[in-house]
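Once you have looked at the hints, place chains B and C on chain A.
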Amino acid sequence: MKISARNVFKGTISNIVSGSVNSEIDITLGGNDKIVAIVTNGSVTALGLKTGKEVTALIKASSILVMTDSTGFALSARNVLAGKVSKVSNGQVSSEIGISLSSGITVFATITHDAVKELDIKEGVSASAVFKASSVILGVAQ
Amino acid sequence: MKISARNVFKGTISNIVSGSVNSEIDITLGGNDKIVAIVTNGSVTALGLKTGKEVTALIKASSILVMTDSTGFALSARNVLAGKVSKVSNGQVSSEIGISLSSGITVFATITHDAVKELDIKEGVSASAVFKASSVILGVAQ
Amino acid sequence: MKISARNVFKGTISNIVSGSVNSEIDITLGGNDKIVAIVTNGSVTALGLKTGKEVTALIKASSILVMTDSTGFALSARNVLAGKVSKVSNGQVSSEIGISLSSGITVFATITHDAVKELDIKEGVSASAVFKASSVILGVAQ
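If you're matching them up, the sequences are chains A, B and C in order.
One point on numbering: in my numbering, the residue at position 34 of the first sequence is 34, and numbering is uninterrupted.
One point on numbering: in my numbering, the residue at position 14 of the second sequence is 14, and numbering is uninterrupted.
One point on numbering: in my numbering, the residue at position 116 of the third sequence is 116, and numbering is uninterrupted.
Hint data in this document are derived by calculation from the structure and do not stem from the laboratory.
Hints are all accurate, no fakes.
Chain A side only, calculated, beta carbon under 7 Å to chain B, not exhaustive:
1) G19
2) S62
3) L65
4) T68
5) F73
6) A74
7) S76
8) V93
9) I111
Note that the Cβ used here is the ideal one computed from N, Cα and C, for glycine as well.
One chain only, chain A, in its complex shape (with noise of 0.2 Å):
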């Protein structure tokens, strides 16, 4: 599979809450990292999602959020990856960031290159890659 999207983790599912309508996926990725993703019902009996499969997930660089101080805060975003920052690439209006998990994974995110002056963004610092479980696709080898 060739596609855009700058972050694409392999993992394993390790646990499927299903409502009415759509499922809540856990994904374990290597070193410990975890993702959640919500899919709808239809997407997990059409790819055949169970606990214990392997999955890729693919997330978009412009669904994640950079956040670099999170005390005394909680957010309803289910994806909070702790890393540090070990790329800045600054455009005149984005910014792309790189943010390395400590198990050795980098996630991608473009946000505004006014953020990145805002936040004083740069290379090891430490920040967290931030998005929702809605921002997940998932793709299965067949």
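Here is chains B and C on its own, set in the frame of chain A:
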């Protein structure tokens, strides 16, 4: 909290409607602007969301559309905030648009530069910020 | 209606499946292309959505992924529209890609410039526009 979302709005929960998996949360900002968010019931419990509670609504600029004319049209997007364009910052591909609401709040959207040209978006023009309830992340102080 | 969404497609509702909170709406465009949208049941009622009704589907370019090879892979994203790349406009961080479908419709996606380079996306290449049903906003004339 320091996070890259260009839109960070403090408000108070004015209503909650719970479904089987998700809940719809109405948030009243200062100046009578209102935002609707959809989050999972798990987040409602984890964050202790209830009517009257103060929350912060986060919306990424890339999740927001700019509408300059809605004559004769209704949209499924739950959030349509009307104001005037107060900032236009153009890159080669992307542009950042600020829309100032009558309450004094400014909403930032990143859209394509092509859209800015086609809609002739410039400072002073009337415009609405349009975004889905599912694009809102909620945060609470702990 | 004048709105910044790069993708504004007129079509007719061909099917509706309602869950407890959301409904899945199938929309048939001209030329047999089909789009699936998920909106809240509240919007279904407010907009009077029903089979046969004409609607406009809006998808922000930043919600769309570009896939150049899906061999051996299935995705949870409900919308995969196959065509050929007809436009590549590169910025420093972001690029805008046009994918022309056989029906004559062009779908626009904004992806990172890095993705364009890695996937070697250029005019004439076969590619699919991939987006989630939850990324679609529906509009109706009133």
